[in-house]
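Got chain A sorted already, so can you dock chain B with the ligand onto it with the hints?
Line by line, the protein sequences give chains A and B.
In this text, residue positions in the first sequence follow our numbering: the first is 1, and each later residue adds one.
In this text, residue positions in the second sequence follow our numbering: the first is 1001, and each later residue adds one.
Calculated directly from the structure, the hints in this document are not laboratory data.
Some hints could be false.
Stated by the list, open to error - Simulated pairs of lysine-lysine, DSBU-like, Cα-Cα distance not exceeding 35 Å: (1) A:K10 - B:K1319; (2) A:K5 - A:K57; (3) A:K33 - B:K1319; (4) A:K169 - B:K1164; (5) A:K129 - B:K1164.
Said to hold, decoys possible - Short derived list, chain B residues pointing at chain A, Cβ under 8 Å: (6) V1039; (7) S1154; (8) R1229; (9) A1313.
What the hints assert, rightly or not - One side of the interface only, derived from the structure: several residues of chain B facing chain A at Cβ under 7 Å: (10) L1078; (11) Q1082; (12) N1091; (13) G1143; (14) T1146; (15) T1155; (16) C1157; (17) S1189; (18) Q1190; (19) T1197; (20) N1293; (21) T1316; (22) M1411; (23) R1433; (24) P1436.
We put the CB at the ideal spot given by N, CA and C, even for glycine.
Residue-level listing of the chains:
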Amino acid sequence: MAYDKFNILKSTAVPMPIENVDTDQIIPARFLKATERKGFGDNLFRDWRYNSDGTPKENFVLNNPIYSGKILVGGKNFGSGSSREHAAWAVYDYGFRCVVSSFFADIFRGNCLNIGVLPVQVSPAFLDKIFTAIEADPNTELEVNLPEQKITILATGESESFEINEYKKQNMLNGFDDIDYLLNIKNNIEEFAGNTPL
Amino acid sequence: MSKTLFDKVWDSHVVKHIENGPDVLFIDRHLVHEVTSPVAFLGLKNRGIKVLYPERTFATADHNTPTRNQHLPVKDPLSANQLKALEENANAHNIPYWGLGHKKNGIVHVIGPENGITVPGATIVCGDSHTSTHGAFGAIAFGIGTSEVEMVLSTQCIMQPKPKRMRINVNGELNKAVTPKDVALFIISQLTTSGATGYFVEYAGDVFTNMSMEGRMTVCNLSIEMGARGGMIAPDETTFDYIKGREYTPKGSDWDTAMEYWETLYSDEDAVFDKELTFEANEIEPMITFGTNPGMGMAISNNIPLAESIDGAVATFKKSLEYMDYNEGEAMVGKPIDFVFLGSCTNGRIEDFRAFASIVKGRKKADNVTAWLVPGSHKVEEAIKEEGILDILEEAGFELREPGCSACLAMNDDKIPAGKYAVSTSNRNFEGRQGPGARTLLASPLVAAAAAVTGKVTDPRELMQEEALV
Ligand code: SF4
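Isolated chain A (complex conformation):
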């Protein structure tokens, strides 16, 4: 599915300094019953965000009006657990385009890259700096520069570079997805399949 191109993103960020945030928290299984990719943002972090009667939990960061933005900053090992891409959809649909953490679970990272959310892995020290900067001033902006592979805390000017493989980077910059690529090499695939017994 096509998504918006990603180039340079300048935005405030929402801090979530919790480790091992798993995809069951990002979107609980009972919200996976849809047959279309629509409306998942409403249930992002559902059980942390709402009480069982549907009223918002005031102390949860997404319900705190002083924090907003297109960047979600999470603790170490973000996105562990279930492979559900719905978790990445929920993050995207809510309005985030970038998730920053000091460590991502594999499948979640891959899912994000496939749907146009940029996972930015920074050092634990830099992650702490981001949390400190946001705590000091919730209006602090981060700049995520994909062409230069650099993330900067604008208030302090501190920055760090991040990794992304060249192929995925080009996809994100251009809004391409893997299927376009694979369909283009279908002949190679069919030839390969012919030599591979069931």
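Below, chain B with the ligand alone, put in the same frame as chain A:
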């Protein structure tokens, strides 16, 4: 050049390597279920294309299905709609579909091996992270997201960078009442839930060589819980005996050809791993988890660790204990429980039911416990009946449900109520995994059985007769 088992299988499936990018990996077999596939099929429809190799694709309904009265129409309209979508998509693309009530129906990772879809040296994917189960046969098997499901449906390939290799050796003989589940929970507790992220794991050593195929599946199944892409075990006689004669495994001369390939599937003696860990079997005791991720496990006879002894995020540790309403330093043995769940692709096979029955035999279900015993498939259900296990269970006051994922992810009605404790043989104890507010203690079928008959966390060794040793 010498290669690891993983390298051998991966390298032989690379259609194309992209410089500074991922490999295009050919997928031999693709398992599809109702929850992570509808949007992928929609993608194909929007592009106006068909499934490229329906004969390499298999569909079942398991995640979002009731475990009672499966012969009646599914009540929840959203679930019914999802099941209908899968059936229609399977029909439209000529994919074999084993829906509710079909005799081959069951949890996707249970029916793959049962029907011989899972074979050594294959690449197998499914939109479910516990696809790692199939690695027990020496296959490369892992979970994928829905975009990748769409890729595989449309091109039989995915694009992924090659993971690093890790080998985990467990040597020696296992202690009494220590099951494959305990081995896995032990390893995860040592590595943490992110300890193997970026790696593909090979399990080696006496413990795995001597393990049954079902036990190997339990271990490989849980690889994902330490962050690994997947886990695998080199195929051997145990493997070949298990798969021989199953519906989808090769027959006649095809079998001989396949065997020639399968017998090459082991790590060469001087193959290099990016990381190698070794444990002794006698270090492992029956395990139980006390927190909200599978890495928070310990020997059942131990006390919950103190926050100060935790290396890492103390706040996250405390939040987790708060959710469980446990205190640091407390013993787990003796803690009251409310529910027992025996099932899932981790421990929903016949050996798991045998183990459970070995403890409940001649005893009674505790009055304070609600037990959900859910076979992994209809074939498992049949075996439970044929072997007389059902009689033992019913005699002890238990009821058997119909197959499905059930309370493993609680998408259907099988939800543990808020605040209640469940000893579960499944794979995840995340907050709310088994229902909003539910509290999960992961354990083996033996520990689950001991809890079911005593109504509290109990060391199964206390209830085990000499002859019932596992
Ligand atoms: S039993 Fe649980 S882990 Fe296994 S396939 Fe079903 S939901 Fe996934």
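Checklist entry - Taking each numbered hint in turn, which are not upheld by the structure, reported in ascending numerical order? => result Numbers 12, 17 and 18, in rising order.
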